Amino acid sequence: MNKRPGSEEKFKEIAAAYEVLSDTEKRSLYDRFGEQGLRGEFDATSAGPQGVDPFEVFAEYFGESNSYFGGSGEPRGFNFNFGQKGSQNLDIRYDIYLSFEESIFGGKHDVEVPCFETCDDCGGTGAKSASCLKTCDECGGRGGVVKTQKTPFGIMSQVTSCSKCGGDGKIITDRCRTCNSHGQVRAKRSIEVVVPPGVDDGATVQVRGEGNFDQKRGLAGDLYLVLHIEQKKGIQRDGLNLYSKLDIDYTEAILGTTKKVDTVEGVKDLRVPPGTQPGHRLKLPNMGVPNINKPSARGDHYFTVDVHIPKTISRAERELVEKLASLRKIEGYTPPGNGGGVCAKDNIDQTSRHRTKSEKRWWKSIKDLLWRNQPGERFASICADTSVPWIYRRAPPNLPSLVAISVIFVSAAIALLMSKSGWSKPQHQRKEIEHGSLLLKKVKQQYKQHLDTPRSF
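In this text, residue positions in the sequence shown follow the UniProt record's numbering: the first is 1, and each later residue adds one.
Read the hints as simulated data drawn from the structure, not as lab findings.
Given the structure is predicted, the values throughout are model-derived calculations rather than measurements.
Positions of the beta carbon are idealized from the N, C-alpha and C atoms, including for glycine.
Please note: incorrect hints may appear among the correct ones.
DSS-like cross-link-like pairs, simulated, lysine-lysine; straight-line CA separation at most 30 angstroms [said to hold, decoys possible]:
#, residue 1, residue 2
1, Lys108, Lys294
2, Lys259, Lys188
3, Lys216, Lys259
4, Lys147, Lys188
5, Lys233, Lys164
6, Lys283, Lys294
7, Lys294, Lys311
8, Lys232, Lys283
9, Lys233, Lys188
10, Lys233, Lys216
11, Lys260, Lys283
12, Lys170, Lys233
13, Lys108, Lys216
14, Lys259, Lys245
15, Lys245, Lys294
16, Lys216, Lys232
17, Lys108, Lys134
18, Lys147, Lys216
19, Lys128, Lys216
20, Lys260, Lys311
21, Lys294, Lys268
22, Lys245, Lys283
23, Lys245, Lys216
24, Lys128, Lys147
25, Lys259, Lys233
26, Lys147, Lys134
27, Lys245, Lys268
28, Lys232, Lys164
Label pairs and their computed distance ranges (CB to CB) [unchecked claim]:
#, residue 1, residue 2, range
29, His280, Gly234, 27 to 35 angstroms
30, Asp95, Ile309, 41 to 49 angstroms
31, Val267, Ser326, 36 to 44 angstroms
32, Arg186, His109, 34 to 42 angstroms
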């Protein structure tokens, strides 16, 4: 609520003026008899309006000379001065392209911004001279007219721009040749822009008062600088942190190393600790993006480790890896006999031919059975009638029979293994087969000696 003296009376005058302009009957009475006609006190012989002009009330309240809103001179509300002809948006947008490093550390930029300046020849009026400006007779220099119409919601009054003068309130009889009656000309303005450190891509910097200037309204717009940041190869930004990928060899991952890496501050040393796993992140602290509100606080630069494992290796490398595997005693691993670079299919085929744990246990049980250090117990339980072949005798199972059955199974296993693999097996498998053959021969010899030994019945 306006506390200034006379405010209440002025608002009453405004309300009365709006009521007159909104009602066609009251407006007709006012046009013919003035305020007396509105009160019913009029003489039919009288002519012309008396008292306060409603248009003057609106012009005083909403116009540029309004003292009830601070006298700023800026049109408000139902402004009758529509001086907008030839004007444009006073604000200017300008795009600036920064390098990745400039967005991190900031800096200064000298830019030339295209803008509109006031025409020096006409002073912004658009006329060749002051005598070439006339007051518009359609709106009386107000720039707008009031139109009243009936609607389903009642009688509505609308203030519109004057179609004759375009809202200027003035008519130019002879235009300025320099600006073509626009009152402004195109120009370029040199401005030094300070870019703060840590700006984001698409950020906007506002520079007040550096936009276009409108001489008619006495207003200046603002300059909006839109920042675009170029991408840097190998470095990604997320908030205040930077992210990169680090490729290392599998030997470097095992033993550890120091790598040269690219950062926003140049090439730096990054230590890779021994036993680094794929996907592990290594950090360079305080090498990220500064906080735009607190430049002393910076983010970090992270490096995601990618361990490179070669598909093929040399014979010497393979021997070293096999030695490493044997030292670590990898469960279920048996080094292949042939070295050198081999394809994955050969590795799978060789692995399928390696001995399993069950096969090892089976061979061990046979060895324990045949090589127990109890010489008197191997065949001592044999007791048979030599007149009848031993295979037809109905005797309970004993150790010699179990040995014979084992010999049969061992022979069958050796024959099957030799038929499938031939003699192209690796050297360690051929030795195992030869060792099994020797065991078989020894069992046969011992069993033959046992049969040749005289027995007493």
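inquiry  = Which constraints among the numbered hints does this structure fail? Numbers only, ascending.
reply    = Hints 2, 3, 4, 5, 7, 9, 10, 12, 13, 16, 17, 23, 24, 28, 29, 32 contradicted; others consistent.
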